[in-house]
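Chains as they are written, first to last, in my numbering: chain A, 1 to 176; chain B, 1 to 627.
Hints are computed from structural coordinates only; laboratory data are not their basis.
Fair warning: there could be bad hints in the mix.
[As the list claims (entries may be wrong)] To spell it out: a stretch of chain A is covered by chain B in this simulated footprint if at least three of its residues, at any positions, have a beta carbon under 8 angstroms from a beta carbon of chain B; those stretches are: (1) 30-43; (2) 92-104; (3) 108-114; (4) 150-160.
Please read all numbers here as calculations on a predicted model, not as lab measurements.
From the three backbone atoms N, C-alpha and C, an ideal C-beta is built for every residue, glycine too.
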Amino acid sequence: MSRLIRTLMLLLLAGGPFATSMAQDISGNETRSLDGQVQEIKSDVLGIASELSNLEERLLYPSNTQVAVFVAIEEDDDFRLDAVKIEIDGELATHHIYSYKELEALQKGGVQRIYTGNVPTGDHQLNVTMIGKLKNGSEFNKTDQFSFAKGVEPKALGITLAGPGLGKTGIHVGDW
Amino acid sequence: MFRAPFSGIGLLLIASLATSPIRSEELKDLYFGEALYYAHQGYYFEALERLDAEVSQHAGLDEPELDSFYHHMVDAEFSLGDFELRYRMHHRAGRAITAVLEGAVDEVVRNDAAYRLARIHFQKGQLEDALLALERIDGKIPESIRDDIEFLRANVYLAQEKPAESFEVLKRLQGSDSFGGFAAYNLGIAYLQDGQRQAAVEQLDRAGQIETDDPADLAIRDKANLVLGTILLEDGAHERAMPYLNRVRLDGPFSNQALLSAGWASLSAERYDRAVVPWSILAEREVTDGATQEAMLALPYAYGKLDKHGRAAIYYGRALDAFGAEVDKLNESIESIREGRFLEALIREEIRKDKDWVIRLRGLPETPETYYLMELLATHDFQTGLQNYLDLADLRKKLVSWEASFDSFDDMVAIRHEHYEPLLPDVDGKFRELDSRLRLRREQHRMLVKRRDDLLTTPRPEFLATREEQAILARVAHIEAQLEDVSTSPEAELVRRTQRLKGLLTWTLETEYHERLTQFDENLRKLDEAMVVVQAQYDEFVRARQAATHSFEGYETPISRLRGRVSAAIQKVDLLMKRQGRQLEIVAIDELMARRGRLEGYRDKARFALADSYDRATQAQARSDVQ
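Sequences are here, hints too, so could you generate the full structure?
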């Protein structure tokens, strides 16, 4: 984004004091009114999205069976996460390969909802595999098994991943 | 003349807006983290959707302080405003940030919010409000935005045409890492705006010599030199202008304009041989550039002044061909825009994935118009219109995909309905039977518990008699009743025997009472446990039964309502896209027509000058032959 802005900035500067600005031509009531209406429709669509999410959740993931798995990473310059695999009760729940943008978002403190699904109430097994690369270029691969209990409330499991350099357990699962 | 720098200032502000969304140091709520995950990737719609839902859900809680989201509430409200701002929803962003400002928040957070609000007002051209928001900043200011605040303040003064007010602010920013170069340039422009021409020249001279290797600072340094050279050129100080124009890098974004001005400076000083040098370089550059086109005409003019009419004729000929080709290209471009290809290109997914997609547009062979629209594409208003158009296109894509999902929802509900409906009457019948049995057992359990509790306070040994003992006791009571009417002695013996028997039983019940009560209590505790298990199974069954009903009942109305809302939104988006697209097309066509008009003018001049050069070359040749 900043590169784009910078490029645009340079372009605009290039227009500089000599350019004929078209800004005045397209500004005015029409632009303002359009901009206002675009903002309104954005608001409407956000409202629809929210209602739709509620409906989807009720329809697809009722609270008594809902389980959601989230992934966060510890800050670690020596380790780059490439992929994560999640299995619940021995069945593959999801497998995710990270793009640069996603990894950057995780590094900045974002939390990814990697899986939402349904499991019956009771005890379950969660297998988490993290695949990545160390700073020296060697592959790093780790799998850990955890158990969790599903009650009648929606279950949220937060997985925190860390590289081997941090001296902690690589995979940590917390109950939220 | 002095309006132009503001376009630069406007964009400098956008550059300062491009800070990262807030990083929550200690994350306590996964859903807030999820919103940040989207925001950090630039998916502000998704971020807003998640965060909106969380904030509203949190607001409905009876004890919000027990919720993990509570710890992020201030951050979340702030982030809402931030995301809305980034998603170009200024109306809502302003409201959200004002709410933070008016809440009981930390000084640092309040100052950050005031700064963001000021930026929104500035962007909307509400300069007084921007200043008022800046005035609310007081006390501890976050280090990361200290310079941003001052730079914004200076820009507001400049936009208000109060350059003198901005002097001190801009002077303080001269050493800033992020704004030093821009502040140096803007200070020069502020002096110019204030009529202090000499101070402006000195300041722009300083801005034009800043040591840097940052591309943005290098560009602003070039711009300072170019503006300074142009000022001196306008003042007629052609020789003085030259060094500043020569300072502009030959590969920078201002090089074409600098080369053109350098040529004009030499020509004005009647140094035609020197004018030829920059114009020769420029004439070989990208032909769509306005400065290049002017140089293509100016170069043969300079050769003409040098009495090199033959060479001038060749260059005029080249210019004529080039202008003709460009006019054709512009005609095609105008036609292409009218056919809607420009807008199609703008929303192409593979182009927009690139960070520099606006630049990459130039590389699309099917959109030749973009060659001529780079300046237009970079203007703030066009960018706003363009971004709105792109946002609308994204919204449309989402809405269409949602619209398609409603049919799947309907199918899902219908399948569940078909599956459960025939099963449920039987299940319900069995459940009713089970339910009445369970109710009876619950009542029995309750009575037993009550009896145990009563026995603890008032011992009643007969209550703990076995079934056999109870039968004997009943028999004894019956015999006693029969003997009550008899007064003869043999019957008196019977009474004694009966009393003995009764005494024996009472002895057993009394002596074994504590042991029996303990056993009774132990048995009851086991029953308690069994009742808990039964109750849990009962509850689970009730939940499963409810879930079965909930899986297909109660969806018709929300699905139908959402279907209607989505359909209405698609119609509205289509209408807005049409209007926004039309507006962009009109502006683009106007720009291209203006460029075509200018090129046609150049072509006419080139045609006339070509003929004139031929005449002069022929005359010169004739004179040379005579001699």
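Quiz prompt | Hint numbers not upheld by this structure, sorted from lowest to highest | solution = none
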